[in-house]
Amino acid sequence: MFTILLTFSFSLITPLINRWNWIFCFFSFSISSFLCINLYNNQTNNWNNISWILGCDNISTPLILLSAWLIPLCILAQNSLKNNNTNIQNLYLFLISIISLFLLLTFSSLNILFFFISFEATLLPTLILITRLGNNIERMQAGLYFLFYTLFGSLPLLISIISIYNLNHSLDMCLNNHINNNLSPLINNLWWILTILAFLVKMPIYGFHLWLPKAHVEAPIAGSMILAAILLKLGGYGLIRLYSFFNNITLINNILLIFCSWGCLITSILCLRQTDLKALIAYSSVGHMSLVSSGIFLFSSWSISGTIILMIAHGLVSSSLFSLANILYERSGTRNIFITRGFKSITTILPIWWLITCAANLGLPPLPNLIGELFIISSILSWSLWTFPILGLATIFSAIYSLTIYQNTNNNEINTNTFNTILPREHLLIIFHLLPLTFLILNPPCCSI
Numbered sequence: 001m002f003t004i005l006l007t008f009s010f011s012l013i014t015p016l017i018n019r020w021n022w023i024f025c026f027f028s029f030s031i032s033s034f035l036c037i038n039l040y041n042n043q044t045n046n047w048n049n050i051s052w053i054l055g056c057d058n059i060s061t062p063l064i065l066l067s068a069w070l071i072p073l074c075i076l077a078q079n080s081l082k083n084n085n086t087n088i089q090n091l092y093l094f095l096i097s098i099i100s101l102f103l104l105l106t107f108s109s110l111n112i113l114f115f116f117i118s119f120e121a122t123l124l125p126t127l128i129l130i131t132r133l134g135n136n137i138e139r140m141q142a143g144l145y146f147l148f149y150t151l152f153g154s155l156p157l158l159i160s161i162i163s164i165y166n167l168n169h170s171l172d173m174c175l176n177n178h179i180n181n182n183l184s185p186l187i188n189n190l191w192w193i194l195t196i197l198a199f200l201v202k203m204p205i206y207g208f209h210l211w212l213p214k215a216h217v218e219a220p221i222a223g224s225m226i227l228a229a230i231l232l233k234l235g236g237y238g239l240i241r242l243y244s245f246f247n248n249i250t251l252i253n254n255i256l257l258i259f260c261s262w263g264c265l266i267t268s269i270l271c272l273r274q275t276d277l278k279a280l281i282a283y284s285s286v287g288h289m290s291l292v293s294s295g296i297f298l299f300s301s302w303s304i305s306g307t308i309i310l311m312i313a314h315g316l317v318s319s320s321l322f323s324l325a326n327i328l329y330e331r332s333g334t335r336n337i338f339i340t341r342g343f344k345s346i347t348t349i350l351p352i353w354w355l356i357t358c359a360a361n362l363g364l365p366p367l368p369n370l371i372g373e374l375f376i377i378s379s380i381l382s383w384s385l386w387t388f389p390i391l392g393l394a395t396i397f398s399a400i401y402s403l404t405i406y407q408n409t410n411n412n413e414i415n416t417n418t419f420n421t422i423l424p425r426e427h428l429l430i431i432f433h434l435l436p437l438t439f440l441i442l443n444p445p446c447c448s449i
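Those letters in the sequence shown? Residues 1 to 449, per full-length UniProt numbering, in order.
FYI, nobody ran anything at the bench for these hints, they're computed from the structure. Relax, there's no trap hidden among the hints.
Have a look at the derived ranges for each label pair, beta carbon to beta carbon:
(1) 86 x 378: 51 to 61 Å
(2) 140 x 334: 20 to 30 Å
(3) 254 x 428: 38 to 48 Å
(4) 254 x 423: 43 to 53 Å
(5) 273 x 124: 32 to 42 Å
The structure presented is a predicted model; accordingly, all values stated were derived computationally and were not measured. We treat Cβ as the ideally placed atom computed from N, Cα and C, and that holds for glycine.
Using the sequences and the accompanying hints, generate a full structural model.
What follows is the structure, given as structure tokens:
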């Protein structure tokens with residue numbers, strides 16, 4: 001772990017290397033991603049302590065691997081920035097390096113307070129990435145939405161962490177103890193709600209999601225990839241970690257489970273009304289994260305295994321979708337799904353990438369998204385069969401909008417614009433997104449508990 005942290009830290013000096021900064025940063029992150037594979041080989045059911053404050057287990061290890069794998073792809077995707085001045089390039093590489101370092105610290109933290117500090121430290125570089133490197137004038141409004149929604153739950157979370165320490169006299173995640181208190185179930189439920197507000201906003205679930213489509217639409221491609229693939233997973237990871245500290249919260253968890261199930265259905269319907277490709281993918285992420293939240297609030301062994309598999313698979317698929325959307329945007333100058341069409345008659349390989357990615361997004365077998373969704377949905381149905389119509393309709397609408405994306409971008413009549421050929425770098429970018437999905441197909445238990 002220290003070797004990985006050191007390799008990630010090397011990327012922070014990229015602003016000092018003017019000529020080879022992109023290559024140095026890319027290879028630094030690539031080496032880190034391969035070093036992280038060793039964490040998977042040493043994965044156990046218990047914490048593997050590296051120090052008194054850092055460690056990993058079978059929940060954090062897949063998310064560390066996901067972060068380390070996707071950060072080099074963010075460098076590969078944002079190739080258009082090479083035409084900007086050196087200061088903009090150095091700022092971008094520095095922000096990516098800072099975000100990656102704090103992500104690694106968040107997922108490997110053994111102390112709740114240190115987890116909170118690392119969790120909140122990702123806010124500022126992500127905000128700068130959206131507001132400073134975004135494409136349109138609305139990026140400032142998107143940044144404000146992102147800032148205030150994120151800060152909305154931060155103070156209650158900090159107060160809750162202080163209260164946990166006062167009662168337990170420890171913030172160590174390894175102890176995995178319930179809070180020792182004589183409070184009524186009502187107070188415990190209210191305390192749980194205030195604690196998880198920051199995570200519900202970060203995921204986000206339906207109702208706390210208004211910042212996400214705006215942030216995705218205005219963010220550069222690397223910002224969208226990091227947001228969808230990794231930062232949203234911080235919320236799910238935080239829910240899993242803090243759940244074990246609370247007891248007598250069954251009532252509020254049942255209410256939240258139903259609310260998130262409805263949110264999954266509503267966002268699937270909202271996806272059918274979107275014309276902006278990035279906004280559609282963003283709402284799709286809200287739906288998937290609402291399903292993940294439902295599995296966490298149920299907190300059975302099957303549902304937690306399903307949430308981890310789905311978080312990893314969704315991180316790869318959503319990042320791939322944003323990369324494909326950016327490829328179309330750079331050639332057509334628009335993200336309107338009724339204008340970016342007919343690519344099947346221009347290039348033969350790109351529609352294949354769209355087909356595989358959309359199939360993974362809707363959860364076709366044997367892709368790992370299906371495994372994660374089956375684990376979660378079967379767990380929810382075993383809890384209550386009354387949720388079947390909600391989850392069934394959500395699955396149907398999810399399939400419809402995923403097929404709509406493929407249909408509108410590839411099979412419709414071509415417009416009159418001329419397009420540049422797809423570069424080998426862009427094909428490589430999509431291949432590296434889909435390659436881990438193949439590994440998950442062959443070995444899905446690697447992401448289960």
